[in-house]
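Enquirer: As a plain string of letters, each chain reads:
Number of protein chains: 2
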Amino acid sequence: MTEAAQLPLAVVLLSGGMDSTVCMAIAGKEYRLAALHVNYGQRTQERELQSFHDIADYYNAEHRLVVDISHLAAIGGSCLTDRAIDVPQPDLNANDIPISYVPFRNANILAIATSWAEVLGAAALFIGAVQDDSSGYPDCREEFFAAFQQVINTGTKPETQCHIRTPLLHFTKQQIVEKGIELGVPFEKTWSCYQGETIACGECDSCALRLRGFARAGAHDPLPYNHRPDY
Amino acid sequence: MTEAAQLPLAVVLLSGGMDSTVCMAIAGKEYRLAALHVNYGQRTQERELQSFHDIADYYNAEHRLVVDISHLAAIGGSCLTDRAIDVPQPDLNANDIPISYVPFRNANILAIATSWAEVLGAAALFIGAVQDDSSGYPDCREEFFAAFQQVINTGTKPETQCHIRTPLLHFTKQQIVEKGIELGVPFEKTWSCYQGETIACGECDSCALRLRGFARAGAHDPLPYNHRPDY
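Here the protein sequences come in this chain order: A and B.
The numbering of the first sequence is our numbering, which starts it at 1 and goes up by one.
The numbering of the second sequence is our numbering, which starts it at 1 and goes up by one.
What the hints contain is simulated information worked out from the structure, not anything from laboratory work.
Since this is a predicted model, take the numbers as computed values, not measurements.
Pairs involving identical chains hold if they fit within one copy or between any two copies, as the list cannot separate such chains.
Calculated cross-link-like contacts (lysine to any residue; reagent style SDA-like; alpha-carbon spacing at most 25 angstroms):
1. Lys179 - Asp132
2. Lys179 - Ser206
3. Lys157 - Ala146
4. Lys157 - Pro138
5. Lys157 - Tyr40
6. Lys189 - Leu49
7. Lys189 - Glu178
8. Lys189 - Tyr231
9. Lys157 - Glu143
10. Lys157 - Asp132
11. Lys157 - Ala73
12. Lys179 - Arg141
Please work from the sequences and hints to get the whole structure.
Expert: Spelled out as structure tokens, the structure:
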């Protein structure tokens, strides 16, 4: 039995983006890895899935699971057509929350991850949520994760001891890039762009945040970009 | 605007079985209704879905949503084939937990229900969980639901005020039948059997619990049975 086989196992939520990949690298220092990817009907789904597999390969994930919750994304839009006259409409659009936004999405993802963690006997569950980036989504805050930990403690078998780990929660993008460089993260395998699938656009929010993070860290993002604004 | 339209809205988890239908009847006394059905690859899925629609029609549900989480049920089995040699195997079989059992299932279902409740602006979320029936599943206990309430409180928008209601949690099957009779529940539209889809078997656990509940309540179950044991 190798030394690695004696490490405990962690489920890591791995979108294929920069944050979750740095999270994977952090988890890999202390755990064997089980990588979980969730599709929710996003435009660049295929590209993200490719990154997921490339990164899971790179970190020798022992287990991987891809789950589709695109039916859930439909909930966000369904209220617009489903007997709309009776539906109190929260000001989704006024807040600029995208149509693909699933309210309570992180709870759904953590529930899936916990189910899998319980089956695998995993000791930890890593999620690369970043509170400052979250546009105020309530399910990206520390108190939400603390409450979910209590749900895991009460809703799983006594022998299941699975701890939610959010190592990036209070990081800036600059700090995430710096941590990734420190850990040798293969940034060229990640994907963050919301628009493109071969060359990143450099203009969507996700590209802008990422490129600014690299700029502030004094580093070069190895991905190909159509447009690289100066920061 | 009718009087009913002024009631608050509740999301009700409606499997189509007896318990969730009694729960629907209880919710309907105080709320307008949004009925949520979750498929998870069970054998009698089609029959249950028919009951779901019949009961949603009967109670004039304003909204209905059917979500498929059969990918989650696969988690339960996947550990048996996925590099099993490295997987710590919890004693799933020793505990007689069926292969279709999804660990942490109620958390997954409540997360979906909360997403929908938040979009609809629902004030309550009814689930017909019965603690005594639950074979000790940890996600059927009062402390689990209390913890999940805290996740809802921290993980949804401030204006979302959605309360989990578990009116049957400490009921026996007899009490559920009695409550259903009191509320005029159309038991003939419900489906509980795990085996049959046209005539209930009368022999599976679900049929046995149901028939014994009717017997103890001194009532007649209107469903057709292949076999009606004496209780």
